[in-house]
Amino acid sequence: MKSFAITGRCIAAPPPPDWRVQLAGMLGAKPRRISKWAELGLYGALRCMEDAGESALPHDAQLWLVSRTGTHAATRLVLEQLREDLPMPLAFLQAQPGQLLALVAAQINWKGHACFLAGAQPQELFRLAAAQSGAGGVLLGQVDDVGGEVTNWLRLQPVAAEARVVGQKSASCIFDPGANFLSWHEADVHTVGSLGCRVA
Amino acid sequence: MNVYLAGRGLACSLGLTVEQALSALRVGAANAVSQTLPGTLGGNYPYHAIPYKQSDWDARARMLLSRVVDEAGGRRDGVLLVATSSFDIGAVELGGEHSDHAVFSAKVAAWLDWTGPVYVISTACTSSLNALLAAQALLQSGEFAEALVLGMELDNRLTSSGFAALQLLTPTTGKPFGVHRDGLVLGEAVAAVRLSVTEPSIWKMLGGANVVDGSQPTGASVAAVVEMCQQALRSSGLEAGDIDLVKVQAAGSPGNDAVEAQALRQAFGKVPPLISLKAMLGHTMGASGAAEIVLLCASLEQGVWLQYEDEVDEALGLELASHMPAVVERMMATILGFGGSHAAVVLERS
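Residue numbers (our numbering), protein chains in the order written: chain Z, 1 to 200; chain U, 1001 to 1350.
Keep in mind that the hints are not guaranteed to be accurate.
Claimed, not checked - Among the chain U residues that face chain Z by a calculated CB cut under 7 Å, a handful are:
id	residue
1	T1123
2	L1158
3	G1214
4	S1215
5	P1217
For the record, the hints were derived by calculation from the structure and aren't laboratory data. Ideal Cβ positions, reconstructed from N, Cα and C, are used throughout, including at glycine.
Kindly generate the complete structure, drawing on both the sequences and the hints.
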């Protein structure tokens, strides 16, 4: 079993009305030439890192991202441009979900393993991330801009090998705001709330 | 726990099976067709299409995926990791619904009668290698005994036009590390690598690495390639001198090939024999990692080696192997892609 403490989070479904202003404040300028989906992702990731008290991820951390529709809006724009001409180069790049991984990596001054999982449930994302993660833990995100804006992120740090997380319950969603720990064992994901939880 | 490459399947421009692809490789028959793209930067570009025609995009995809998964063998209740950068956008271009990714995942599962969990990994060109890394971790966790990595990149105008817009395509042929290299040739592929912890086979997967460098979202970086090689070796318990062969990206890009060559010299010192399969397969994007590993393993087992038409650029300070190395016990397969993604896996002969 791998268990993680949640050391930072941004649960924004939807994000606050002024999220774009907040994002510009965190970046030092309004982001340019990136899609709304990427902006949403950046906002959540940076808020989560701020909540975790980290300005950069350790080199052995991992970045995992899931989305129901990903870059669909940017892809539709490219398909419209394609009716008459080649797409604009930046529009095509915005249609690649991996661009958000690169943007987040650049902003948090980090190089490492990052992966996008399409259309999965957040607990499935956690399952894959937990299987591969090491001592640096994981920055885990869920971002969507179609059918309601969502940018949920967790910073997870592995719990020491001797620790035991108790009082588990099956997770309906890993982004449960009351959870302080996540653990994974053989296809089952658990969240543990702050009440009744102890780490021995 | 050993993770074996227990089965494989491939449909690519060289043929609809691994054996057909090997036969084409033996005679050096690359099969590029011409693709016409719109606009002032458009025009005719070569494209490595799978030689199977069917007007219904979904029906064609279903047939190709089913054939390749059948060829790889195994059960349909393990974990399936689909690796793609373009999903089913070709169907959308022809009037299909632009559904969310969960619908795509369910569609692929239904095509294959797959009853186990399905994950869709999309990290542009490195998708298949990232799927292999995820599959290895899931198998080693003990949760599954078998996993199937299914790289899938099928005909669509979005990808080709995007690369043309970025002026990354050559109007002639792909020339890996070539002195006359002037761009990439794209291609289609469906490739399956079946991994098992219970079915020993010729090759096993030792480890690998994926390094995303956000400072270079559209190209490779020397530091990231070096880091990728070092991490892949560490995760495999090896040193640079233990690698007998590297399957490189070398897609024929003037800039990226030079970056990759510099990084390989730094990472390895004495660079092992190198092979690139892009001139024969084209760059098959999210499927490329799986497609090239399948073809490479089969080539090594059957003693088939390819020849390169273009002279290697001496300025790069390395060369592609003109003959199969006498011994290949351990090899590294790399793919570099959009999103600053650099990935490698290491295989060892069992």
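Hint check against the structure, violated hint numbers in rising order: Failing hints: none at all.
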